[in-house]
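Sequences listed follow chains P and W, in order.
For any residue, its number in my numbering is found by taking its place in the first sequence, counting from 1, and adding 2.
For any residue, its number in my numbering is found by taking its place in the second sequence, counting from 1, and adding 13.
Because the hints were derived from the structure by calculation, they are not lab data.
Check the hints yourself; a few may be wrong.
[Claimed, not checked] Chain W regions said to be covered by chain P (calculated; three or more residues, Cβ under 8 angstroms):
| no. | segment |
| --- | --- |
| 1 | 63-73 |
| 2 | 143-152 |
| 3 | 205-212 |
| 4 | 215-228 |
Note that CB positions come from ideal geometry on N, CA and C, so glycine has one too.
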Amino acid sequence: MQGLGIEVLFKGKNFLRLLEGLGVTLRISVFAVLLSVPLGILFGMFMTMKNPLSRFVSRIYLEFVRIMPQLVLLFIAYFGVTRAFGINLSADLSAVLVFTVWGTAEMGDLVRGALISIPKHQYDSAAALGLNRAQTFVHIVVPQTLRRLIPLTINLTTRMIKTTSLVVLIGMTEVLKVGKQIIDANRFDYPTAALWVYGVIFLLYFLVCWPISVLAGRLEKRWR
Amino acid sequence: MSIQSINFEFIAKYLPLYAEAAVLTVRVAAMGILAALLVGIAVALVRWYRVPVLRQAAVAYVEISRNTPLLVQLYFLYFGLPKVGIIWSGELCAVVGLMFLGGSYMAESLRSGLESVDRIQLESAASLGMGQLLTMREVVFPQALAVSVPGLCANVIFLIKETSVVSGIALADLMYVTKDLIGLYYETGESLMMLVVFYLLILLPVSLLAARLERRLRFAGFGN
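Chain W on its own, in the form it takes in the complex (with noise of 0.2 angstroms):
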């Protein structure tokens, strides 16, 4: 494709379409996020306390979820489940799928944290005459987060990226206006260009930040 060649009134004519529908994108990712981790941290609490019964919930789910695929996942959600009267709209639905997805992987890259945090320290703390919560927060968080922070990130691109499916549950996400507009049109080339153009636009400055954050975090960990 030469520059001549290039239709610019189509791209000038669907920008706002495209625009609209990287706000559907960035919504449902955004969403989807912060409660796979709202998930994510509750699953790393549970095995961390080693809470008996819910531990082994966790474990099933962190394997169930991390050995499906989320098209497959959300065609049971918004297919399957409506058959026994739970209806949801396809957004609800992708944020519960992302949900689903992101929440074990954000609870093992949380877990890891944790768990490179020495129990010994929990001991020294109590010496100390330091309660449960303020152990938590001045002796183990800092020190878990440093660690699971290049994690976290990796997760949150991944789910970003990861939102791309939800076209195959009819919401009107950037593959869907692309695909629609191809079908349409058959402008290819452009449909195709402002796809990859709207998608460095969303994950290029996430991408960016969480490598900073990275380089940032790298030393905060005791002892290193």
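Looking at chain P on its own, in the form it has when it is part of the complex (with noise of 0.2 angstroms):
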């Protein structure tokens, strides 16, 4: 007999099965996330050095990064790095890798842009203070840009999550292609199922970014 296709999530453990397959996408992000902090916050540091080779080795990779689709990255690291090196990289691996990187370029440039925000009276009169460089750093600098940093970051958080859905398109079995396992499970008993398993999909992605948009949003008022 045919169901009701809303009926399918609740049918065994489907709807558990979907927020599994959530969660291998998220944790992809929040090892990224985790991991592009740091080197972001380094990354931004090295950008702002005077020096014209780092500027210009830093300008190179975060150009390159930026301006390619991040799923053309994801399949240099997928397809071209096993070929290229013989190193059979897993798809979570790659997937982490990939966005780490993409994320130390956007986390970097975050940085990079909250660190010359700082206008240069606050470093002179620093000095004029008495302060040296170490103080200056600790007590002016990054009081300053963590504030502008904080939220910058959350909404880099919620573009990781929507943009590890990607993995899919590298053969891993997250929620998009648990959803169509159940579709196709189901397929005789529930004809509809798709808009169903795709809305709930949908839905779950908005539950999850939204309130850390929020999040976001409101830092970035207080804070301004």
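Work from the hints to combine the two standalone chains into their complex.
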């Protein structure tokens, strides 16, 4: 007998399986963010160095990573690295790698923006007060950049969560793939399952990303 | 991969296939961006004029569209909606998806431009006897546009990059062709190289043009 499409979600462990699938991409984004933030801070500081070579190198890295679609980077890591170096990168490892490389570039640019937004007179005033370089950095630069960076970093996290949905295209079993399995398994009993399953996945992503975006927006307003 | 080992025969043979795919990518991107811009203008105006009811709907739309990944939106449109009788081609679906995603990004950029125009200027225009349309055309729009352009340009590049996921709904774009060739012939290096080159051919000119436009408009705002 054909049932209502929505019932398919509550059959067996289907809903739980979808959540587990979502967990796969969320875990990748969490790893990538945790790695990107410290690396990005270092990269941002590297970019603001006066050395022309460091500027040139960081510029090339930033521009290349930013201009390429993330899916292209994912293909390069997943198909290309394996072929070129004979290392067999698993899909999730190449995903973490790529999203860290991408996240570091994005985070680095945010850090750079925050660092250069501090007016020169702040450094001059600190020097006039007799603070040395380390003290200026800890007491003047860090507090001001942090207020600006925290909301932007939270925003980067939502972008990361949205972008990691791409991993289904390199064959990982995440939420969209699990959804497809559920739809295929119930093709005859629940012909309209696709509508409900993909609708729920859509909703799940929204429920994950929206609160984070709201938080970032609030912090940004409060700390302006 | 050394120069000698590059299989030029392979590249020459499949270059036309890539060119065709690039045309599809550009076509989908162009139509999607245009549609997104139209949606963006409508949403920004609704919010700026504070149209009741529609305004709340616009806010909801922006939140939903910005907090879900394009790939998930496309799966819902392409696999989900046919179950309720809305059947469309992959290409139309991709354009609609880009419109849905891009509309909110365009709206936010346009809105930040509109908000940058002080409302007192509206009163000044009114006191000079200028009508609604004239005020919009001669006072608000030129100033708002100058502020919006960097954001709009970034959105255009973002949306072109986002088209890379349309391979997920079986459109034969650059990603799709690459994956196909890697699977069929195992010429991974060459396929990936062509992929990167073609994306650079599409994205570099746009990115350079955007940078030029931004420089040109940097001093266009009123009172800067």
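Results for each hint:
no.	hint	verdict
1	63-73	violated (count 0)
2	143-152	violated (count 0)
3	205-212	holds (count 4)
4	215-228	holds (count 3)
Violated hints, in rising order: 1 and 2; the structure is consistent with all others.
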